[in-house]
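Build the complex: two chains, separate frames, hints provided.
If you want the building blocks of each chain, they are given just below.
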Amino acid sequence: MNAFELVRPTRLEEALEVLSEDPETVRPFGGGTALMLLMRSRLLQPRRLVSLDRVSGLDRLDLDGEGNLRVGSMVRLRDLELSATVERFCPAISRALLTLSNVRVRNVATVGGHLAHGDPHMDLPPILLALGASVVAQGPAGPRQIPLDQLYLGYYATSLQPGELITELVIPPLPEGTRGSYLKATALSADDWPMAGVAAFFRLEQGRIVEPRIAVSAATTTPVRLPAVEAALAGEAPSEALFSEAGRLAGRDLHCLSDLRGSAAYKREVVRVYVRRALQQVWAGR
Amino acid sequence: MTREVGRSLPRLESEAKVTGRAEYIHNLTLPGMVYGKIVRSTVAHGRIRRIDASQADRLPGVVAVITAAEVARIVQDPYYGPAFHDQPVLAVDKVHYVGDPVALVVGEDRDVLEAAADLVAVEYEELPAVFDERAAAEPGAPVIHEVIRPAATFTDLKNLKPASGSNVAMAYQLRHGDLEAGFAQADYIFEDEFHSHQVTHTPLEPIVTVAEPRGDGGLDIYTSSQSPSFVRMELARLLKWPENRIRVRTAYLGGGFGAKLYMKLEPLAAVAALLLRRPVKLSLSMEEQFYTITRHGATVRLKTGVTRDGRMVARACTIWWNGGAYADIGPRVTQKSGFTAAGPYDIPHVSIDSYAVYTNLPPAGALRGFGIPQLVWAYESQADLIAHRLGIDPWEFRWKNALRPDRPHATGTLMRDAGVLEVLQELKRLMRWDEPFDRGSGTRRRGRGIAIGLKAAITPTTSVAIVNLYGDGSCAVYSSTVDMGQGSDTVLAQLAAEVLGLDAREVRIVHPDTDVTPYDMATLGSRSTYHMGNAVLRAAEEVRHQLRAIGSEIFKCRPEEVELQDGHLVAGERRVSFKEAMEWRFGMQAGNLIGVGSFTPTYKKPDPATGESEDITTFWMVGGNGAEVEVDTETGRVTVTKLVTVGDAGKALNPGLVRTQLSGAALMQLGFTLFEEMRFEDGQVVNASLADYKLLGMRDLPSSVVAEFVEVGATHGPFGAKGIGEVGSLAVSPAVANAVFDAVGVRITSLPLTPEKVLRALKEQAGEIWEEVE
Ligand SMILES: Cc1cc2nc3c(=O)[nH]c(=O)nc-3n(C[C@H](O)[C@H](O)[C@H](O)COP(=O)(O)OP(=O)(O)OC[C@H]3O[C@@H](n4cnc5c(N)ncnc54)[C@H](O)[C@@H]3O)c2cc1C
Chain A
1 MNAFELVRPT RLEEALEVLS EDPETVRPFG GGTALMLLMR SRLLQPRRLV SLDRVSGLDR
61 LDLDGEGNLR VGSMVRLRDL ELSATVERFC PAISRALLTL SNVRVRNVAT VGGHLAHGDP
121 HMDLPPILLA LGASVVAQGP AGPRQIPLDQ LYLGYYATSL QPGELITELV IPPLPEGTRG
181 SYLKATALSA DDWPMAGVAA FFRLEQGRIV EPRIAVSAAT TTPVRLPAVE AALAGEAPSE
241 ALFSEAGRLA GRDLHCLSDL RGSAAYKREV VRVYVRRALQ QVWAGR
Chain B
1 MTREVGRSLP RLESEAKVTG RAEYIHNLTL PGMVYGKIVR STVAHGRIRR IDASQADRLP
61 GVVAVITAAE VARIVQDPYY GPAFHDQPVL AVDKVHYVGD PVALVVGEDR DVLEAAADLV
121 AVEYEELPAV FDERAAAEPG APVIHEVIRP AATFTDLKNL KPASGSNVAM AYQLRHGDLE
181 AGFAQADYIF EDEFHSHQVT HTPLEPIVTV AEPRGDGGLD IYTSSQSPSF VRMELARLLK
241 WPENRIRVRT AYLGGGFGAK LYMKLEPLAA VAALLLRRPV KLSLSMEEQF YTITRHGATV
301 RLKTGVTRDG RMVARACTIW WNGGAYADIG PRVTQKSGFT AAGPYDIPHV SIDSYAVYTN
361 LPPAGALRGF GIPQLVWAYE SQADLIAHRL GIDPWEFRWK NALRPDRPHA TGTLMRDAGV
421 LEVLQELKRL MRWDEPFDRG SGTRRRGRGI AIGLKAAITP TTSVAIVNLY GDGSCAVYSS
481 TVDMGQGSDT VLAQLAAEVL GLDAREVRIV HPDTDVTPYD MATLGSRSTY HMGNAVLRAA
541 EEVRHQLRAI GSEIFKCRPE EVELQDGHLV AGERRVSFKE AMEWRFGMQA GNLIGVGSFT
601 PTYKKPDPAT GESEDITTFW MVGGNGAEVE VDTETGRVTV TKLVTVGDAG KALNPGLVRT
661 QLSGAALMQL GFTLFEEMRF EDGQVVNASL ADYKLLGMRD LPSSVVAEFV EVGATHGPFG
721 AKGIGEVGSL AVSPAVANAV FDAVGVRITS LPLTPEKVLR ALKEQAGEIW EEVE
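Chains as they are written, first to last, in the working numbering: chain A, 1 to 286; chain B, 1 to 774.
Hints were generated in silico from the structure; no laboratory data involved.
Nothing here was measured: the structure is a model prediction, and the numbers come from that model.
Built from N, CA and C at the ideal position, the CB exists for glycine as well.
Keep in mind that the hints are not guaranteed to be accurate.
Cβ-to-Cβ under 7 Å is the rule here; a few derived chain A residues that face chain B [unchecked claim]:
{"no.": "1", "residue": "3"}
{"no.": "2", "residue": "36"}
{"no.": "3", "residue": "37"}
{"no.": "4", "residue": "187"}
{"no.": "5", "residue": "190"}
{"no.": "6", "residue": "191"}
{"no.": "7", "residue": "264"}
{"no.": "8", "residue": "265"}
{"no.": "9", "residue": "273"}
With the Cβ distance kept under 8 Å, some of the chain B side facing chain A (calculated, not the full set) [unchecked claim]:
{"no.": "10", "residue": "111"}
{"no.": "11", "residue": "114"}
{"no.": "12", "residue": "675"}
{"no.": "13", "residue": "679"}
{"no.": "14", "residue": "689"}
{"no.": "15", "residue": "691"}
{"no.": "16", "residue": "694"}
{"no.": "17", "residue": "695"}
{"no.": "18", "residue": "696"}
{"no.": "19", "residue": "699"}
{"no.": "20", "residue": "700"}
{"no.": "21", "residue": "754"}
{"no.": "22", "residue": "770"}
{"no.": "23", "residue": "771"}
Between beta-carbon pairs, the in silico distance windows are [claimed, not checked]:
{"no.": "24", "chain 1": "B", "residue 1": "49", "chain 2": "A", "residue 2": "3", "range": "27 to 35 Å"}
{"no.": "25", "chain 1": "A", "residue 1": "162", "chain 2": "B", "residue 2": "42", "range": "25 to 33 Å"}
{"no.": "26", "chain 1": "B", "residue 1": "698", "chain 2": "A", "residue 2": "150", "range": "32 to 40 Å"}
{"no.": "27", "chain 1": "A", "residue 1": "6", "chain 2": "B", "residue 2": "135", "range": "44 to 52 Å"}
{"no.": "28", "chain 1": "B", "residue 1": "33", "chain 2": "A", "residue 2": "87", "range": "34 to 42 Å"}
{"no.": "29", "chain 1": "A", "residue 1": "140", "chain 2": "B", "residue 2": "60", "range": "31 to 39 Å"}
Pulled out of the complex, with its shape left as it was, chain B reads as follows (with noise of 0.2 Å):
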């Protein structure tokens, strides 16, 4: 019997949202508070010489202002970060890119603390900076940071091993079967080498966090965080303070996408709130966003050994990651994202090399996919490329090569309950690929492309959950997981609900609290409704133990007998509520029936030398985009006319949430293939706003957009559900890139898509003598 599972539940945050009801920090003010700007450096890389902050500090209204100096007085080693610990509170000696946090100006007017930044004077001495991510890793670079310390936080993280004097922070390789031999056995070779551009997160609410120092000697933190836990625990280490001294809350997240990962402003409100004895508000404008956190620039170079009738037998992969001046997680997307850089396909002789390199451009981290849209946009539009050269369907190709199931990936774990043949399946009938295609005609040209991706769970995480059932019967769950718009509290409140015989939108759930909240490793990497999914599961499933224990007791029969439906506990034509049987537990409505569960899958470290492991990761995500374009041959400007997103699901718990996502991730990445991009002036974010980076907007929806699930149940997943936010977003890129191929013969390698470098591409292809103007 499922009622809940499956079932497609509005969000049930949607009402309080559309009313302006909803929680957020952003809206969050506390008496006695006072707010902080950050001065920014304004050089790529230099040494601070001097930083003069009188002029400021005499403007009325500005508090103070905090330096590396002050936060030497809270805190002694003030570096952190996720994998590597590299990013001061405040720089120190030294700035890595353009906006790297130097001051802080603290004030109770905000428009007050623009001016005290201004006066800031900080004198530098430059030195030379590098920004691509190939020349940073060449030696003779200039280095920028002289040493690397590990953090040591993740266990999947532990045997990361940092290069000091280098720009390559990590170095990450696989090797599986033998290079060399299947070079040998392939007709053909195929070298090729792709390029994806820095993008970033915008989220519409911006990072922010309040700090608020407690009469107790404690912390307590407001923030808009997508990892409480991880913010708890790295704030206790930079302080030296037991986690039970610092509270960390959230709310809702106007959106994270990954923006908001571990920590962003929490160190700094921290230390500022702890000098100054009062609550610090420090809220990022949009602008400031572009400083803070973006998506890794990349290189991917395939080269990929094929034989005439369509088999890859060999590919080597060597990616470079531009993570910009701070490691930030790019090493986690060096390796996590690195080892499934030769696809979906079943490769017998594959070598990856991936290098996690700093340059002087603001940090990279996390964006919704973690590195994997960048190695699709690779494989995938080479994919295309081998398939045409051979005369072979691109369809035909995939479906060739796609790895079946209880084949070893290249790390050597098997894949299992991946949905790679039915994405593909349902990839084919939802483009009607074996229907005849309007190829347009004259000016305006027609294609079609697809392309398929694959991205493994960050594993092992942890995640845990807290089931309360109250007096009255009703239900509560308490959780780390942060609903930043995904759903997550809608889908927790169905597990939950299944469960006991509840209705989803009788239970509570209970918004991240490090005092009441259990631990959650973050909500990230597509991994909560698999791992707190299972968490939910478990502790309601306690609940329901000792409810049937109860009712057993009432009906004198075997808990087994004892069903839960609809608030109460049936056993025959008997029935009792909720509320009655904590009444007949406690004696009258009182007490609590408390669940834990705790989740952490299974893993086998990879062998440092071959990369490989035969439990990488605890479930594969698969997802496959197909679209339709037209392209205008003499302004190449790509419209897409159709996207179609298929993801597999395992199972959809929430069939209207997992469209939802899918076609989300598919628009939001659909952004980045056609027009965003970061564009930077000697280091220099030049269009840091809203006005010059432009996010896609209605009028450039497809006129169709098609969400479509299969479900190829995960063997450890709640129900078999695997996570769903990312997959959408995997091979969006190269299937719009696949099309133009096949609207215009032009194959550009990269991203974005824009008009000029589609026609420019055009005009090489018919041989016409592009005319530079000055």
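Isolated chain A (complex conformation) (with noise of 0.2 Å):
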């Protein structure tokens, strides 16, 4: 690995200062985990690190007056995965963390690195993007929000711009009723990354599915939701058969990728069995 320096301001604005003075051999370090193995690697080769954990009000973890869900970036995983707060508003993401990575990881690694890796073998994303969350990014041109369905651009590759950093997490209240899940299929090691991450959500309304949201990580690209299935889902009535039907379109539409941890022909079968098992879950209120 590479020397560096490390910079440890207290604030935000000192934080994005030293960023912006090249923001290609600058980076900022949240946690790290995912940041060390890159430069171990020799993928990444920065000459400054940007430790953002002394800057204050990052850390933040509450509702909002709007009953939105506010989670600073440098939040721990950890953190998150105990949170009353969180377990309340959202259980499937409690439950999604506990079997992410493992607890050394967890205790930290941050949701703004989490969100700013781009890697697509994460296990928050795909929750997130079905729940219609965003993340505040701050940089030279002042605030703004991002949707994360305009976060993930590709492999590794974020709309972030060069110097910006995320500073929080938004997750909008979920409607009354809704309820979600979220499967995880490794190939390797049960703590390993995703080879395939399912999320589902939906809400029963007489009997009906109302906003149904499938989203689908780690097989992909990026993160994304399946649209279509949703489509096909929204005022049916559950049953086994459209859940193996809506595991079939899911298959269908999906452009997978191969990778160490399966090939795209096998994670589009596991997509398709997730999918149909994680409606199933939200069905039977597990």
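This is the structure:
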């Protein structure tokens, strides 16, 4: 790994200033769990790392006046996992965190780093995508809010501008009665990155599916929503046959990516099965 | 009276380890020390046209760039290896795999070295490369080594005849009975091929060596080695020095598993230190370990003739071992493991052809089981297949064919002291094989499987030990056995304590230091408890003899009447402490009582034509595994819910350690079975990190892990003990695959059992089409 200088500003403005010097060789540092792997394999060779751990104001974790869940970018994944607020807000998030890597990684990895990394093999982005979440980014041009479906552009590519930082995650409240599930498939060890991940949410009104949201990640270059599947589910009465059809549609529409963890063909098979199973779980209220 | 033997004493070094105080070479720094970083080949096979180190040399902080040209100033003939002298200290003219060491940059700052290594420009003329063991063995394949020279260091390898001009570095053959006649007697003939994949050791403490030139012209080597005696011998040979000019020391090893055997970084560290006249430390990264040593991939073809009632009457085994670019200990794997390829079965007509094949992949050596798991994968998968085809219970089939006591193994050596039957019986009991079994339903199908493996000890090898009683009556054992976590310190202390009437916790084990501790062949192949154990016993008995002589003078009785208890000499009512005995003997608290013990078992070289010998191994190792699995029929994911391991310990000197060795080996092999796999693209490892080469994690552990032993005493083992470090790993892979077959009826013939592979097989079985995507 190359040598680097670590700076630890205490104010956001300071951090942004250092980052704006030369975004090519200066890099924000959240928990460093992803960054260090990139640097060790020498895919990245930054000269300076700007640690955000002392920057004040990046650690909020609460509901705002409109009922949005607001999570500061330096909140550790472990804090998210243990938060009663999160558990009440959306239990699927709390549950997904239990199998996200291991407790040692979760103790240091941050929400901001997790969302900015852009690796599709991550557990929270598909859930947050399904929930319609967005991030607040701060940069030389001031703050802006980026919906998650506009954040991920490609494999390790995000729409964050050079020198821009994620400062907050904003998740809008779920309509009353909505239930969700996240299923993670691993091909290697059980604590591996996902080979495919499926998030599913819906609620029932008069026995009909309302506002279904399905998102897939890891099998694909970016986390994606599946509008065609959602359309096929909306307004229908839940049934095994419907969920199987949803799985089939999901597989048909998806452009999967082959990697060490599975071929595109296999991933498509798994997505088919997992979309069906995730919907079944939501229906069963598990 | 035994107090120490059979006692589950916790490992003596546990406290030092968990409090971070145990000594590791990884942490060693010496005054004036510089670091080295290896520049590695980026091509799989090629001639080196030019090495331009000028840019790297100019980088501030770089002390030197060393290539084969500089190596030649210290070592004229730079080739080494335990079986063949085929591996140069640094590449000479040619590179043989991606990762082959080409140059060494040396400097004070490790971060600078990485940049410097990038700046060493190497130009190659690429040659055609070959990666598959079958393809490499074909005539016309690109030849990787034009000439191969045997090493002749070890007795058991002396008659290996390398074959130059082909990639088949060595061919071993065994002919037992009359194969043709055997197949003629068979009602059914089964022909199957099984494939094992490349995996690697990943010790958490990567391979590390520090070399320090001494003022007196000698050389000190501090190394995380499993074979300090061999390192000294081989370095002395390379340098043309007497062995006594070189001192090799080890400390605790953060795991070894066979990765740290023979020579690894030592020759390069030694040359660099001698060139620069300062201490040089070479330590691999986790990534570099993937480029240094692996476990052989192998193709095993079995043709087995069986009678209608389920007797195996003939078996022809052909094995191609993917040895990678350098032989390392591959030829020993080819022979020693090769000759057990027909399994622990009584088959009258057997032929075995075992080929060590060079390929342009990282070198393969020994990894917990020495090639046996690859063979057991084949013969125990086939045993299951045959049993099912004949409608015989898989356990009954094994029981029926098992080698019984005093029956000849295919090598001609009689089965003696080998717990084949006992292991099978214990396996049956622990698996509750006769009881009804929940087979699951819907998309979750359950199954169970068993398998059993046989391994021979590497024979003949020598261990020497010294037991030293100091003036105050305290005791130390000097042994070159390396404790890498297996607990050898504890067991050797127990043996010495047993003989001398001490508490094992009071016995000091002096760690390998070739200036101090005597010769030991190496810590490998489950040999230490048996060989070094015997040497320690003999050394301790010598000290006991001397103590009894002193006691007989003090007590005025016959020596045999003097007993050793709790650090005292005892005769009837009279007691004197060892300290008092030493004072009596030397007139004050002074002197030493020294016992030396050495052990080399008997052996008879196999006949080169038939491969037979009536004394091929000093003891047999037998291990069995059973697995219960749950298969998700829609994703192919295999969950092992119960893993049973049974090993024949001979005599469990420390039952607690025996069980943890058995379960540890089994779980290591479970990772290899389910998903650990080195992946290559054009010979380049593409998952050389623990991020992408995943090890078995806590959440992968079966909910039930059972490890038990049987005790069929070894006639020449210390108190009957045998080695136990590998037997837990032997049969895990086929046990799991057999359970998968039992659950869903698909037979996987190539490892690992990834969900994708299982799902593909399930779809094929169901006649469904697997739609490929681009
Ligand atoms: C062994 C291991 C296993 C893992 N397994 C899983 C898994 O199963 N599932 C899963 O989802 N994840 C997994 N992860 C990934 C883990 O979740 C990410 O590493 C983590 O979320 C990244 O967080 P971090 O704070 O450490 O990011 P960092 O490493 O600090 O940063 C990651 C990237 O984001 C940039 N960055 C950091 N903070 C910000 C910010 N506030 N604004 C803009 N850019 C920023 C960095 O410059 C870097 O490019 C695993 C990681 C490891 C090491």
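Right, here's what the structure says about each hint:
no. : hint                      : result
1   : 3                         : 4 Å, holds
2   : 36                        : 10 Å, violated
3   : 37                        : 6 Å, holds
4   : 187                       : 6 Å, holds
5   : 190                       : 4 Å, holds
6   : 191                       : 4 Å, holds
7   : 264                       : 4 Å, holds
8   : 265                       : 5 Å, holds
9   : 273                       : 4 Å, holds
10  : 111                       : 4 Å, holds
11  : 114                       : 7 Å, holds
12  : 675                       : 4 Å, holds
13  : 679                       : 6 Å, holds
14  : 689                       : 7 Å, holds
15  : 691                       : 6 Å, holds
16  : 694                       : 4 Å, holds
17  : 695                       : 7 Å, holds
18  : 696                       : 6 Å, holds
19  : 699                       : 4 Å, holds
20  : 700                       : 5 Å, holds
21  : 754                       : 6 Å, holds
22  : 770                       : 6 Å, holds
23  : 771                       : 6 Å, holds
24  : 49/B x 3/A: 27 to 35 Å    : 32 Å, holds
25  : 162/A x 42/B: 25 to 33 Å  : 32 Å, holds
26  : 698/B x 150/A: 32 to 40 Å : 38 Å, holds
27  : 6/A x 135/B: 44 to 52 Å   : 50 Å, holds
28  : 33/B x 87/A: 34 to 42 Å   : 53 Å, violated
29  : 140/A x 60/B: 31 to 39 Å  : 35 Å, holds
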